[in-house]
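Line by line, the protein sequences give chains A and B.
Per the working numbering, the very first residue in the first sequence carries number 225; after that it's consecutive.
Per the working numbering, the very first residue in the second sequence carries number 17; after that it's consecutive.
By construction, these hints were calculated from the structure, which means they are not laboratory data.
Fair warning: there could be bad hints in the mix.
[What the hints assert, rightly or not] Rough simulated footprint, nothing fancy, chain B against chain A, three-plus residues with beta-carbon under 8 Å:
no.	stretch
1	237 to 248
2	297 to 306
3	315 to 321
4	328 to 337
[Unchecked claim] Examples of chain A residues lying across from chain B (beta carbon under 8 Å, computed):
no.	residue
5	Gly309
6	Ala346
7	Val347
[What the hints assert, rightly or not] Facing chain A, from chain B, some residues (calculated, C-beta under 7 Å):
no.	residue
8	Val63
9	Leu70
10	Leu71
11	Tyr80
12	Tyr87
13	Ser114
14	Leu116
15	Gly117
16	Ala153
17	Ile157
18	Gly158
Here a beta-carbon is modelled for each residue, glycine too, at the ideal position from N, C-alpha and C.
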Amino acid sequence: MSNSGRPLSPHLSVYRWPITMTLSILNRITGVALSLGLVVLAVWLTQAAAGPEQYQYIRATMASPLGKLLLIGWTFAFFLHLGNGIRHFVWDMGLGFEIRQANASAWAVLILATALTAAFWAVKF
Amino acid sequence: MGRSDSRDCADGRFLGGEVLSLRTPLGRVLGAGSAKDGTGHFVAQRVSAIAVLLLGSWFLYSMYTIDGMAYLEVIRFVSVPRNTVLLSLLCVTAAYHSSLGVQVVIEDYVHANGLRIFSLIASRFAHVFLAISSVYAVLQIGLTT
Numbered sequence: 225m226s227n228s229g230r231p232l233s234p235h236l237s238v239y240r241w242p243i244t245m246t247l248s249i250l251n252r253i254t255g256v257a258l259s260l261g262l263v264v265l266a267v268w269l270t271q272a273a274a275g276p277e278q279y280q281y282i283r284a285t286m287a288s289p290l291g292k293l294l295l296i297g298w299t300f301a302f303f304l305h306l307g308n309g310i311r312h313f314v315w316d317m318g319l320g321f322e323i324r325q326a327n328a329s330a331w332a333v334l335i336l337a338t339a340l341t342a343a344f345w346a347v348k349f
Numbered sequence: 017m018g019r020s021d022s023r024d025c026a027d028g029r030f031l032g033g034e035v036l037s038l039r040t041p042l043g044r045v046l047g048a049g050s051a052k053d054g055t056g057h058f059v060a061q062r063v064s065a066i067a068v069l070l071l072g073s074w075f076l077y078s079m080y081t082i083d084g085m086a087y088l089e090v091i092r093f094v095s096v097p098r099n100t101v102l103l104s105l106l107c108v109t110a111a112y113h114s115s116l117g118v119q120v121v122i123e124d125y126v127h128a129n130g131l132r133i134f135s136l137i138a139s140r141f142a143h144v145f146l147a148i149s150s151v152y153a154v155l156q157i158g159l160t161t
């Protein structure tokens with residue numbers, strides 16, 4: 225994009241940040257985060273298969289404050305990506321494209337993901 | 017404008033001598049325009065999404081009911097034949113869905129041709145490796161305990 229000096233179409237900075245944009249970006253970020261989570265899932269399973277001595281390492285990592293924070297982040301990422309995925313399925317059926325509906329579904333996914341994450345971890349602490 | 021002589025537009029459609037296709041002959045030769053195979057990716061992403069939606073929800077519900085930190089509880093959970101199968105399915109479908117997603121992210125952000133191709137291949141390899149090593153671990157637990 226080295227055509228400097230030429231006019232650009234309205235770019236990110238001229239818009240009032242809409243909630244739908246936040247969800248779109250979050251969907252991609254949580255997707256990539258969950259991909260990294262698969263690595264942890266693989267290590268967790270591999271260490272469990274390797275026996276109790278090996279498992280202590282992954283257990284200690286997961287139980288550490290940073291480990292717990294990451295696990296909470298991954299559950300939130302899962303619920304958000306899941307909720308937004310359902311939103312995409314609804315769009316694929318040609319429904320929910322009105323601005324009001326898109327804004328409402330964005331907030332619904334965000335609130336639902338937060339609530340489910342809180343409910344999941346409430347029993348763990 | 018891409019309008020050209022009718023003889024140059026073998027695949028264009030004509031109406032009263034006017035070419036309806038706006039694609040230039042050069043664009044057609046270079047393969048610019050439709051990616052031609054996007055539908056397959058679109059469908060695969062959504063079908064795998066349904067699988068991960070169901071299996072992932074089951075997995076998180078399972079982790080809700082057991083203590084995923086405790087060694088014996090994890091082993092006991094994975095050894096139940098139904099769980100061994102479902103967990104293997106989750107590892108495979110999630111890795112597949114992830115592979116499709118990461119592929120799009122790479123295609124969107126990595127512009128240098130060589131690095132893009134390298135990243136796409138590396139991502140594929142990593143995802144297949146993840147899927148197989150996870151399933152191997154699950155089966156190891158499921159078949160030996």
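Evaluated hints:
1. 237 to 248: The restraint on the stretch 237 to 248 of chain A is violated, since only 0 of its residues have a Cβ under 8 Å from chain B and three are required.
2. 297 to 306: holds (count 3)
3. 315 to 321: violated (count 1)
4. 328 to 337: As far as the stretch 328 to 337 of chain A goes, the hint is violated, because 0 residues have Cβ atoms under 8 Å from chain B.
5. Gly309: holds (5 Å)
6. Ala346: Since the shortest Cβ distance to chain B is 10 Å, the answer is violated.
7. Val347: holds (7 Å)
8. Val63: violated (11 Å)
9. Leu70: violated (10 Å)
10. Leu71: Check failed: Cβ of Leu71(B) comes no nearer than 11 Å to chain A, outside 7 Å.
11. Tyr80: holds (6 Å)
12. Tyr87: holds (5 Å)
13. Ser114: holds (4 Å)
14. Leu116: violated (10 Å)
15. Gly117: Since chain A brings a Cβ to about 5 Å from Gly117(B), closer than 7 Å, the hint holds.
16. Ala153: holds (4 Å)
17. Ile157: holds (5 Å)
18. Gly158: violated (9 Å)
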